[in-house]
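Asks: If you want the building blocks of each chain, they are given just below.
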Amino acid sequence: MIKKIAYTVGAIALLFGLWGVYVRLFEGEQSANYGSYIGWGLWVAMYLFLAGLAAGAYMLATLDYLFNIPQFKGTGKAMLWAAAVTLPAGLASIGMDIGHMERIWKVYLQPNFSSFLALMVWGYTIFLLLILLSLYLAFTRPEQSVMKLVMWIGLVVAVLVAGGVGFLLGGNASRLFWHVGLLPVQFPVFALASGAALMLVLVGWFGPKEDHGNRANQLWTLGILTVILSVVKLYFLFTDFTQSLYGGVPENVQAVQAIMFGQYSFSFWVVQIGLGTLLPILVLVQPKLAKNDFIAGLMGVLLLIGYAVARILIIVPGQVVPMLPGLAEAFSGPKLTFEYVPSLMEWSVTSAVLGGAILALLIGLDRLVRFTEVKK
Amino acid sequence: MSNPNEATLLNKYASEVFAGLVAPALEDMQVSTHPAEDLPAKEDALVRMNRELKRALEKPASERHWVMVIDLRKCIGCSACTVACIAENKLPPGVVYRPVTIEEVGTYPNVTMKFLPRPCMQCDKPPCTDVCPVSATYKNEEGVAVVDYDQCIGCRACMAACPFGARTFDFGYTYTEQLPVMDGAVIGGESAGGYEHASQEYGKEWARNSRHESPIGNVRKCHFCLHRIKDGILPACTTTCIGRATYFGDANDPDALVTELINKPNVIRLKEELGTEPRVYYVV
Ligand code: SF4
Ligand code: SF4
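Chains A and B, in that order, give the protein sequences. Numbering-wise, the first sequence is residues 25 to 400 according to the working numbering. Numbering-wise, the second sequence is residues 17 to 300 according to the working numbering.
Wrong hints could be hidden among the right ones.
Below, simulated DSS-like cross-link-like pairs (lysine-lysine); rule was C-alpha separation at most 30 Å, straight line [as the list claims (entries may be wrong)]:
1) K130/A / K141/B
2) K246/B / K155/B
3) K312/A / K97/A
4) K106/B / K90/B
5) K155/B / K220/B
6) K106/B / K130/A
7) K220/B / K130/A
8) K155/B / K141/B
9) K287/B / K141/B
10) K97/A / K315/A
11) K106/B / K155/B
12) K155/B / K130/A
Derived from the structure by calculation, the hints contain no laboratory data. Please read these numbers as outputs of a predicted model, since none were measured by experiment.
From just these sequences and the hints, can you work out the full model?
Replies: See the structure below:
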């Protein structure tokens, strides 16, 4: 039943998204709401989210294939598949964001390695190859040492690329809100947390039919893991915001205020903190609820939404404060604004990306990489 | 342009126009009735800068150090430079290289306006170039931060990195596309279209005909009018500034006007604390 609903949701999202993809490809970027002052919007945030998800999923696959943790036996393939789906989805999202997609080959053949963006493109490409190789090995020789070796390399690369995205933002000294040393530290934790949330959904909703008594334990462990990571994430947010507010540098304070009390306060308090963090924490600490397939999966979805919003609320507020006083009013024209709410076309493209990812994930789970059923 | 006759003519013209403007305010004052030629010859800044530009162009490119100096005491916030730049570079809606910010300073009733023209700072340590994944934006040998439109993939990383908001993205708008067209008459978008499509930036013709053609989909920025400089013409903003508040020249020339101006204590650069070493100076 849940699977049917998920298929339907994925298909509808993809269909709605095709319109946006068409507009983006054939009419260009005019109907997007990002512009010249807020140049990175929803699609960049979704790239961070999905690429982080892939890194997190890969990290969790190591529980099975690298660390042989009995409780997670049989989940590795599904997690590798999840990584193999979410990473290309993230890359698709960022691909739609660049003005000349047809020149993307230049990043491979004419790269500037002092650019962190170029390093990230290379890093994620290598990571994707590692994911595919791991998946191949998981089918062919899961027990051999070559699998372990690849998983080790993959794990290190996953942490590095997840942190690298933090650097991509944090390295900009011109954007005080991003320029915190903590960002590259936070991002791998965020990635792991979102991977755990995805795993809750996959195990809870789409786990193997025959449950040999293992699932409740898996869910409980995952639930606790997620709760711990969510608390860590809350702590990161708390330190980041309090430090900014206490430090009092106007540009930073204004960005934090935009999140907490300004135009993004609803997304922050209600979606990210309320539904996406506190509610799942309250539910998942209760063994009875956490062991329930449906509830655990649902909490996973809420957490994922919370993480996605969290990414948007890192990207956008870093750009909402004018670089010079009066710049916002100095010259008017399309896309010269410091306000940003994604346009319908942007939502539509994101819907296509997510719909495609959901369908690919489900089809893969159905035909390709079933969870291995483990007997006690 | 540097020949003395032209210079005298320009001087005469400038002072006569100026006299005409201020004469009503000087009604009860004694105004010299001498013809302009008799006034002590003071060369117009533009004439001097033109001459200096020619001198600089005789040197190898790497020995020139272009700087811009903006005298904030003289700027009246007319935005003529903004518009001249738009006309020169055929900038479409949403793309601007040199906006003039307006800030009200002071406490009522003691308030005044502060105007700040903001071209690209042509930073000597530009945060915008290293971030480019394909080396499409870089400092050229004359020290100007340029964008190779044919190389740029449009990722906007440079836009995020610039602390001055000096880069804008070309989304493909035109000023004339919505205008009516009348058959057989020179009216509206189609006839004006050519005007918008003839940018000569970087010494190259940018047709900008289709939605996917560079510089559409690229990040654009002020380049000190390199295409004019190479022909010995000052940047469009500099020649247009009606307050003579914008100066341009080679700071490696010890006798240049700009060198004179920036070697004084009343000169600042924006966001000095970021260490980007701007080449645009403000006289305050
Ligand atoms: S002002 Fe901005 S665009 Fe210009 S060189 Fe400096 S960082 Fe680059
Ligand atoms: S937008 Fe163009 S010039 Fe700017 S960093 Fe990206 S590729 Fe380089």
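Asks: Against each hint, give a clear statement of whether it holds in the structure.
Replies: Right, here's what the structure says about each hint:
The suggested pairing of K130/A with K141/B holds, with an alpha-carbon distance near 25 Å, which does not exceed 30 Å. In summary, the hint linking K246/B to K155/B is supported, as the alpha carbons are separated by about 16 Å, within the 30 Å threshold. Taken as a hint, the K312/A and K97/A pair is honoured in the structure, with Cα atoms around 23 Å apart against an allowance of 30 Å. The suggested pairing of K106/B with K90/B holds, with an alpha-carbon distance near 27 Å, which does not exceed 30 Å.
Restraint check for K155/B and K220/B: the C-alpha separation of about 18 Å stays at or below 30 Å, so the hint holds. Our distance criterion of 30 Å between C-alpha atoms is met by K106/B and K130/A, whose separation comes to about 28 Å. Simply put, K220/B and K130/A have alpha-carbon atoms about 22 Å apart, close enough for the 30 Å limit, and the pair holds. Of the supplied pair hints, the one linking K155/B and K141/B holds, its CA atoms being roughly 9 Å apart against a limit of 30 Å.
Proposed proximity of K287/B and K141/B is supported: the alpha carbons are some 13 Å apart, at most 30 Å. Only pairs whose Cα atoms come within 30 Å are accepted, and K97/A paired with K315/A is accepted, the gap being roughly 18 Å. For the hint pairing K106/B with K155/B, the CA-to-CA distance comes to about 23 Å; that is within 30 Å, so the pair holds. Note on K155/B and K130/A: the hinted pairing holds, with a Cα-Cα distance of about 20 Å set against a maximum of 30 Å.
Hint violations for this structure: none, all hints satisfied.
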